[in-house]
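*Asks:* Residue strings, one per chain:
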Amino acid sequence: MAAPLHTEFHPRWYRRRVSTWWWLGSWPYLRFILRELSSVFVAYAVAILAWQLWAIARGPDAFAAVLQALRSPGLLALSGVSLLFVLFHAVTWFAAGPRALVLRLGGRRVPEAWIAAAGYAAWAGASAIVAWIVLGE
Amino acid sequence: MGDDAVTGTITLEVARYRPERESEPTLQRFEVPCRKDWVVLDALNHIKDRLDGSLSYRWSCRMGICGSCGMMVNGEPKLTCATFLSACAPGPVRVEPLRFFPVVRDLVVELTDFLAKIGSVKPWIVRRDEKPAGGGEFLQTPLEVDEYKPYSMCINCMLCYAACPVYGLDPGFVGPAAIALAQRYNLDSRDRGKSERMEILSQHEGIWGCTFVGECSQVCPKNVDPAGAIQRYKVAAVTDWFRSFLPWGPR
Chain B
1 MAAPLHTEFH PRWYRRRVST WWWLGSWPYL RFILRELSSV FVAYAVAILA
51 WQLWAIARGP DAFAAVLQAL RSPGLLALSG VSLLFVLFHA VTWFAAGPRA
101 LVLRLGGRRV PEAWIAAAGY AAWAGASAIV AWIVLGE
Chain A
138 MGDDAVTGTI TLEVARYRPE RESEPTLQRF EVPCRKDWVV LDALNHIKDR
188 LDGSLSYRWS CRMGICGSCG MMVNGEPKLT CATFLSACAP GPVRVEPLRF
238 FPVVRDLVVE LTDFLAKIGS VKPWIVRRDE KPAGGGEFLQ TPLEVDEYKP
288 YSMCINCMLC YAACPVYGLD PGFVGPAAIA LAQRYNLDSR DRGKSERMEI
338 LSQHEGIWGC TFVGECSQVC PKNVDPAGAI QRYKVAAVTD WFRSFLPWGP
388 R
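Heads up: the protein sequence lines correspond to chains B and A, in order. Each step along the first sequence adds one to the number in this note's numbering, with nothing skipped, and position 99 is 99. Each step along the second sequence adds one to the number in this note's numbering, with nothing skipped, and position 186 is 323.
No lab work stands behind these hints: they were computed from the structure. Glycine residues also receive a C-beta, built at the ideal position from the N, C-alpha and C atoms. All the pointers check out, no bait thrown in.
Keeping only pairs whose Cα atoms sit at most 25 Å apart, straight-line, the calculated SDA-like set for lysine to any residue is:
| hint | chain 1 | residue 1 | chain 2 | residue 2 |
| --- | --- | --- | --- | --- |
| 1 | A | 286 | B | 104 |
| 2 | A | 371 | B | 39 |
| 3 | A | 371 | B | 117 |
| 4 | A | 359 | B | 28 |
| 5 | A | 259 | A | 276 |
| 6 | A | 371 | A | 282 |
| 7 | A | 331 | B | 100 |
| 8 | A | 371 | B | 112 |
| 9 | A | 286 | B | 105 |
| 10 | A | 371 | B | 34 |
Computed list of chain A residues with no C-beta within reach of chain B, every gap over 12 Å:
| hint | residue |
| --- | --- |
| 11 | 183 |
| 12 | 260 |
| 13 | 264 |
| 14 | 332 |
Okay, chain A solo, but in the shape it has when bound:
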């Protein structure tokens, strides 16, 4: 790539938090080249390589698959590998850690709570009976796959949590990605764990904590629509509750 792709420089205002030195985050300004094909993550890597090697942030694949580089860019939750600098011109571009999460250092947030929530919804196929390996696959039709496929696209980037004021106000809320993931398995024709997940998610801090702000679906880089998943879950919970009164209904 030649220098002709550079269209001047752009200022990044990067949140710094060094717990051994600061009691709260501050902003540090950096001038970086504004190349047409650079994303915000490229600018952060430029800072780390050339300007200040102490800057801390997470990234891995730089192609929207790993879900590591989610940050607040100009106040919006974004994958920094998918946000072009040129789209933020003329700047300055403010880069901060994902909102509503505790900050460990600079742009790195604490993940333990999120990971525990993902695990709490039993994100695996629950079976009542297992057939022997020789019995063959559990076959699915294309329509059955279509049913859960959109919810299986989640990359755990946590942008939806950073967009969810309910999670910000009540950190106990299970949250959009975990509920969408539960729905991914509920809608899988091979799964039998729906009622087990309902026991977890019908609590107040499960689906009923959601007030349908809807921003989780707007910021999702994979079009998972967690807000839609949660509303569908609510309808299913109410339907199941009414059916439980029927003599032939579920017990």
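For reference, chain B alone in the conformation it holds in the complex:
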């Protein structure tokens, strides 16, 4: 005789398997996956920067060759997509930071908006310094 499908004290629970595509159904989940994916593009941006530094160390001709390679349509498109993802990564990072960071001034917790604002200010400051170095020849 086949075993009963359930008994009085051990009911047959129904467990729904989570789909591999669980993140496609809702924007918050898709945004999370895009945020995780943005790390790949951050790594790409770092690799390109390292490639340029390596070329600078080898002289003007090597650097010009790298710049020439980066102007190819494929790499230009990839750089454009990377820029969007890196900006997305930065914005989500500054939004997440204050949730984890608890700072106190005079016994009171510093508002999250202030911590985020400080992050954006540091970002703007660092960008200004880089722009000054690159453009202020």
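Using the hints provided, position chain A relative to the given structure of chain B.
*Replies:* Chain A only, in chain B's frame:
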């Protein structure tokens, strides 16, 4: 209340699972009055009282305190006592059991795993020394109370688990409410159990399982912010790890 509050009817698509008859859940449609002051739970009670007495679901206080009536409403984890039918108009309104939990019957999910996880984080005040009852209270300043109060508002409704894909993919994950509850006691000035809880929660299926999707905090009906609690826990774990290398640091 007069009939003038009724604004027609609305269709509910309610998940049914009767393990003695079905191998997987099905949806059953019910027409219910759409009263302006009715919440989804009122519609379920109407079905149970007037249309089909065999419908199974949990509820108790119907005022957002007991945390029993959490269900998926149109795919979102909601307290059905706090979700107005009129907000779901024109419908249909799909009511399903909380996602990621095993279903026992209809809208009733299995709680044993959740309750074991809540207990595993030692959700009580741990003391090294107890003073005699005559020694008076352990006093706290308003600022010390403010520190843990938001995390103490949890009503164990499990909406955060139903919003957490990490829990769905890895049922071993301790989960948002349990970690927020651990943080509630860690941040209590009377508690001395932080390191004991850290031993439990610094495991892979504790705080490090969280990938900060953040939806647990979005769906929380009590604004507990479990996602924030977990990220704070991670910062504390890393800080403690670095401090352990200092000669005067914790051992």
